[in-house]
Amino acid sequence: PAALEPYRVRLFVEDEIAQAILLSALPLAIRTRINIEIIGSASAVSRQMAALFLRKQQKPTIAIFDGDQKSKERDNIGHAQNMLETKDTTFEDWLKQRISYLPGNTWPEHWLCSKALEYIEEISHRIRCDKEELSRIIEYWLQAGKHNEFYEIAKQTGLDRQLCIQHFSSVISENESIFSQIENLVIKHLEENE
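So that you can map any letter, position 161 of the sequence shown is 162 in the numbering used here, and since no number is skipped, the others follow by simple counting.
Note that these hints are calculated values from the structure, not bench results.
Please note that a few of the clues may not be correct.
Simulated pairs of lysine to aspartate or glutamate, EDC-like, Cα-Cα distance not exceeding 20 Å [to be verified]:
#1 Lys-132 to Glu-119
#2 Lys-116 to Asp-94
#3 Lys-189 to Asp-94
What follows is a list of derived Cβ distance ranges for each label pair [to be verified]:
#4 Leu-85 to Arg-162: 33 to 39 Å
#5 Asp-131 to Thr-33: 14 to 20 Å
#6 Glu-192 to Asp-161: 36 to 42 Å
#7 Trp-95 to Glu-119: 54 to 60 Å
#8 Glu-74 to Arg-9: 22 to 28 Å
#9 Ile-188 to Glu-140: 35 to 41 Å
#10 Glu-140 to Glu-93: 40 to 46 Å
#11 Ile-39 to Glu-74: 17 to 23 Å
#12 Ser-178 to His-148: 51 to 57 Å
Each residue gets a CB set at the ideal place from its N, CA and C atoms; glycine is no exception.
Using the sequences and the hints, build the whole thing.
Next comes the structure, spelled out in structure tokens:
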């Protein structure tokens, strides 16, 4: 008989940057037991969570919002509640048990680039670039505009944008132990459903 696939937890994220960060940061034992789904914006993630609640979806799902959404938690919960079109007093607690955030208080590209300055030597070695030159390139991203940082870094380094994201995410997650909240939430939902 075929082996049963281990039970998986779905992680809803806003974009491919969040996906890359999580795939770099989470250990193998968790990474092989999750499915990361790119949903779009924070409001789209909120709507999807409301839909799961309405359908009484059994598959465990966690919403991982970008770090800048921490200060907007009430708005995102309110948006999700409005999608229910009915008052359910259990919804807010249900949702809060399934929410976590990426590190930082800003959008993921900004957080990655800011953190990269702390690990400039390791990243520059990984992408085979002089660290002073890479520092200049990373500082330049400020002019690129929100969500365009890695397009600019890719252009300046001659590397593929996705490869830049992977290198930055990998180096930073190897040096930062700040993902335990997300790990613990995934483990909790795995254990509850085994």
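Quick rundown of the hints versus the structure:
1. Lys-132 to Glu-119: Satisfied, since the Cα-Cα distance of roughly 11 Å is no more than 20 Å.
2. Lys-116 to Asp-94: 33 Å, violated
3. Lys-189 to Asp-94: Satisfied, since the Cα-Cα distance of roughly 16 Å is no more than 20 Å.
4. Leu-85 to Arg-162: 33 to 39 Å: For Leu-85 and Arg-162 the Cβ distance comes to about 38 Å; the hint holds.
5. Asp-131 to Thr-33: 14 to 20 Å: Given a distance of about 37 Å, which is not inside 14 to 20 Å, the answer is violated.
6. Glu-192 to Asp-161: 36 to 42 Å: 38 Å, holds
7. Trp-95 to Glu-119: 54 to 60 Å: Cβ of Trp-95 to Cβ of Glu-119: about 37 Å, so the range 54 to 60 Å is violated.
8. Glu-74 to Arg-9: 22 to 28 Å: 26 Å, holds
9. Ile-188 to Glu-140: 35 to 41 Å: 38 Å, holds
10. Glu-140 to Glu-93: 40 to 46 Å: 42 Å, holds
11. Ile-39 to Glu-74: 17 to 23 Å: Given a distance of about 21 Å, which is inside 17 to 23 Å, the answer is holds.
12. Ser-178 to His-148: 51 to 57 Å: Given range 51 to 57 Å: violated, Cβ gap about 27 Å.
In this structure, the hints that do not hold are numbers 2, 5, 7 and 12, in rising order.
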